[in-house]
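Peer 1: For the record, the sequence lines run as chains A and B. The numbering used here puts the first sequence at residues 1 to 327. The numbering used here puts the second sequence at residues 1 to 327.
Note that these hints are calculated values from the structure, not bench results. Possibly wrong hints are sitting among the right ones.
[To be verified] Quick list of simulated restraints, FRET-style, between CB atoms:
| # | chain 1 | residue 1 | chain 2 | residue 2 | range |
| --- | --- | --- | --- | --- | --- |
| 1 | A | GLY182 | B | SER128 | 46 to 56 angstroms |
| 2 | B | ALA240 | A | ARG37 | 21 to 31 angstroms |
| 3 | A | ASP86 | B | PRO41 | 46 to 56 angstroms |
| 4 | B | VAL204 | A | PRO41 | 33 to 43 angstroms |
| 5 | B | HIS198 | A | SER128 | 14 to 24 angstroms |
| 6 | B | ASP60 | A | VAL204 | 38 to 48 angstroms |
| 7 | B | HIS107 | A | GLN131 | 51 to 61 angstroms |
| 8 | B | SER83 | A | THR187 | 13 to 23 angstroms |
| 9 | A | VAL204 | B | PHE137 | 33 to 43 angstroms |
[Claimed, not checked] Rough simulated footprint, nothing fancy, chain A against chain B, three-plus residues with beta-carbon under 8 angstroms:
| # | region |
| --- | --- |
| 10 | 243 to 250 |
| 11 | 265 to 275 |
Note that the Cβ used here is the ideal one computed from N, Cα and C, for glycine as well.
Chain by chain, the residues run as shown.
Number of protein chains: 2
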Amino acid sequence: MSELRQDPIAGTWVIVAPERAARPLDFRRPPPQPSARESCPFCPGRESMTPPEIAAVRDDKGWRVRVVPNRYPALRVEEEWRSGGDGLLASMPGLGAHEVVIEGPEHVLSLTELPPERIVEVVSMYRSRLQDLKRDFRLAHGLVFKNVGERAGASLEHVHSQIIAMPVVPERVHSEFERCAGYLRTTKRCRPCDLIAHELKEGVRVVAETPRFAVIEPWAAKAPFETHIVPRQHASHFEAIDDAAVAEVAGLLQTSLRRVERALDSPAYNLLIHSAPLNGVSPEGWHWRIEIIPRIAGLAGFEWGTGFFVNTVPPEKAAAYLRDLKI
Amino acid sequence: MSELRQDPIAGTWVIVAPERAARPLDFRRPPPQPSARESCPFCPGRESMTPPEIAAVRDDKGWRVRVVPNRYPALRVEEEWRSGGDGLLASMPGLGAHEVVIEGPEHVLSLTELPPERIVEVVSMYRSRLQDLKRDFRLAHGLVFKNVGERAGASLEHVHSQIIAMPVVPERVHSEFERCAGYLRTTKRCRPCDLIAHELKEGVRVVAETPRFAVIEPWAAKAPFETHIVPRQHASHFEAIDDAAVAEVAGLLQTSLRRVERALDSPAYNLLIHSAPLNGVSPEGWHWRIEIIPRIAGLAGFEWGTGFFVNTVPPEKAAAYLRDLKI
Chain A
1 MSELRQDPIA GTWVIVAPER AARPLDFRRP PPQPSARESC PFCPGRESMT
51 PPEIAAVRDD KGWRVRVVPN RYPALRVEEE WRSGGDGLLA SMPGLGAHEV
101 VIEGPEHVLS LTELPPERIV EVVSMYRSRL QDLKRDFRLA HGLVFKNVGE
151 RAGASLEHVH SQIIAMPVVP ERVHSEFERC AGYLRTTKRC RPCDLIAHEL
201 KEGVRVVAET PRFAVIEPWA AKAPFETHIV PRQHASHFEA IDDAAVAEVA
251 GLLQTSLRRV ERALDSPAYN LLIHSAPLNG VSPEGWHWRI EIIPRIAGLA
301 GFEWGTGFFV NTVPPEKAAA YLRDLKI
Chain B
1 MSELRQDPIA GTWVIVAPER AARPLDFRRP PPQPSARESC PFCPGRESMT
51 PPEIAAVRDD KGWRVRVVPN RYPALRVEEE WRSGGDGLLA SMPGLGAHEV
101 VIEGPEHVLS LTELPPERIV EVVSMYRSRL QDLKRDFRLA HGLVFKNVGE
151 RAGASLEHVH SQIIAMPVVP ERVHSEFERC AGYLRTTKRC RPCDLIAHEL
201 KEGVRVVAET PRFAVIEPWA AKAPFETHIV PRQHASHFEA IDDAAVAEVA
251 GLLQTSLRRV ERALDSPAYN LLIHSAPLNG VSPEGWHWRI EIIPRIAGLA
301 GFEWGTGFFV NTVPPEKAAA YLRDLKI
């Protein structure tokens, strides 16, 4: 059984999950190598190696997208919602959901190796899983994320993402809401709306545009070629997007990932869908976004201690490079 | 010339430092291997390989501690303090200091390989460097940190730490101050004082105690065997400690690092001295602390997106294990 604990000074949360290590002192072992094709539990024919299916897209030839619980979940829906600890040392049971979206039967490493219409099905599955998790009012927040490559934390090669839903809104997310709400109070304007208008007008950090979305290299990119996909219209909940938006996001995901893969020779990367909380209060003056973060440099003491990152490639230069790529 | 840029949504800062990469697209190369003895620029006889010395402890046999500017500084004192950008896209010149503390002439990897009285000189040097940097009123905040092992971001083996002083207080640090100030307003009590008293009374997460300090495994440890050294009396500025406290800290640093090295078979780790800002407003109801963070697990999308960490070793178990070690 895992437990959520809040840092009494910083307010951030940690999941203490002893059962994830096979033996008590098992953390000494080197990180696992991503599981290759021969032993891949996500390949067709090995469905019995995963816990029972939660959702799938299939026809008479078999499944194309498959969602299963994570075999080593950080959080579980079986827990009860209750506060623990005391005023100084707060805790909660490890309540939540931890799912894996297997994005295709093919043992490929990247979404970019799937045809466009299949990526639409994947993005549509992200949306429907978040819609379903939202029905459990105990789940405050959900994150769709993808780890590609060992440096980005992947333990399996086969193309997949993960979804974690948790009973609290992370402090890091909450502080974004507070900043944007403050701006709204002061200016009566939505800060992400202003930011996107500013970026589209200036143009130097824009990689691509569609009717509903913009692809930009953010002003304060934490890593070379960090790329954001942002809705141009005011929208806080990813799971509320319509089918036309799903199709546009899928197309931009494919081209954006392809550009980053081309620029950095298929780097390890994380992909994140930052969306408003599933339940509870909605943030005011805040937008959902997708982040693609190439994991080029490691995280040393300076980054850990300050949250500052050192980026050797100005985002304007990265944007110009990505725009010029033939993809 | 580097530039500080603030994330317009999250408020966090990034240092855009193009000159740190030798060539524009140089980020493709694999991370450098820590520099071994044969080519070590920190070994005696190779003093000309570093920029000119800022401070040192020496006698007629040579230097024992030596402070030099980082050869590839993220920030420089030559810059002027001025705000840049606009209301949405804030920036500042890359003003600050980036120093390296070479902690001994011996080519050893760890502070634990130096005799106790030498560690006293090292801790004393941290204090005097922060005191000196504090004289530059443009420098708001300073961080002493140590990267040991490639996984923790070290690019040189030879025992050393770094000090970065910056013109803004990091958002991450600022949010701790706000939480503690809120507690002080509500309860008229210092939260870290309450926390330390609570920990010493409960005892299960305490590894060691001295008259002035406690060594604890924190309630919400982000990694197995994360260890904090905290002052028992109210104290916000590390650089204000007296000689007796320097000696106690040095002793606890040595025994704490030795315990962590024993438990995890000399892991990569980061060491951080979190102290109050050098200049500007002092935080209310907040303490300085030293953090030792073994870098066992990588940082994947979940941690990156939420600030949540998954820790497989409950801190109570880690504390019991560390207390029982013969060191």
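Peer 1: All the hints need checking, so say for each whether the structure fits it.
Peer 2: Hint check:
1. A:GLY182 x B:SER128: 46 to 56 angstroms: Between A:GLY182 and B:SER128, where Cβ atoms are some 39 angstroms apart, the hint is violated.
2. B:ALA240 x A:ARG37: 21 to 31 angstroms: Since the Cβ atoms of B:ALA240 and A:ARG37 sit about 59 angstroms apart, the hinted range of 21 to 31 angstroms is violated.
3. A:ASP86 x B:PRO41: 46 to 56 angstroms: 51 angstroms Cβ-Cβ, so the 46 to 56 angstroms window holds.
4. B:VAL204 x A:PRO41: 33 to 43 angstroms: holds (38 angstroms)
5. B:HIS198 x A:SER128: 14 to 24 angstroms: violated (45 angstroms)
6. B:ASP60 x A:VAL204: 38 to 48 angstroms: violated (58 angstroms)
7. B:HIS107 x A:GLN131: 51 to 61 angstroms: holds (59 angstroms)
8. B:SER83 x A:THR187: 13 to 23 angstroms: holds (18 angstroms)
9. A:VAL204 x B:PHE137: 33 to 43 angstroms: Distance hint for A:VAL204, B:PHE137 holds at roughly 34 angstroms.
10. 243 to 250: violated (count 0)
11. 265 to 275: holds (count 5)
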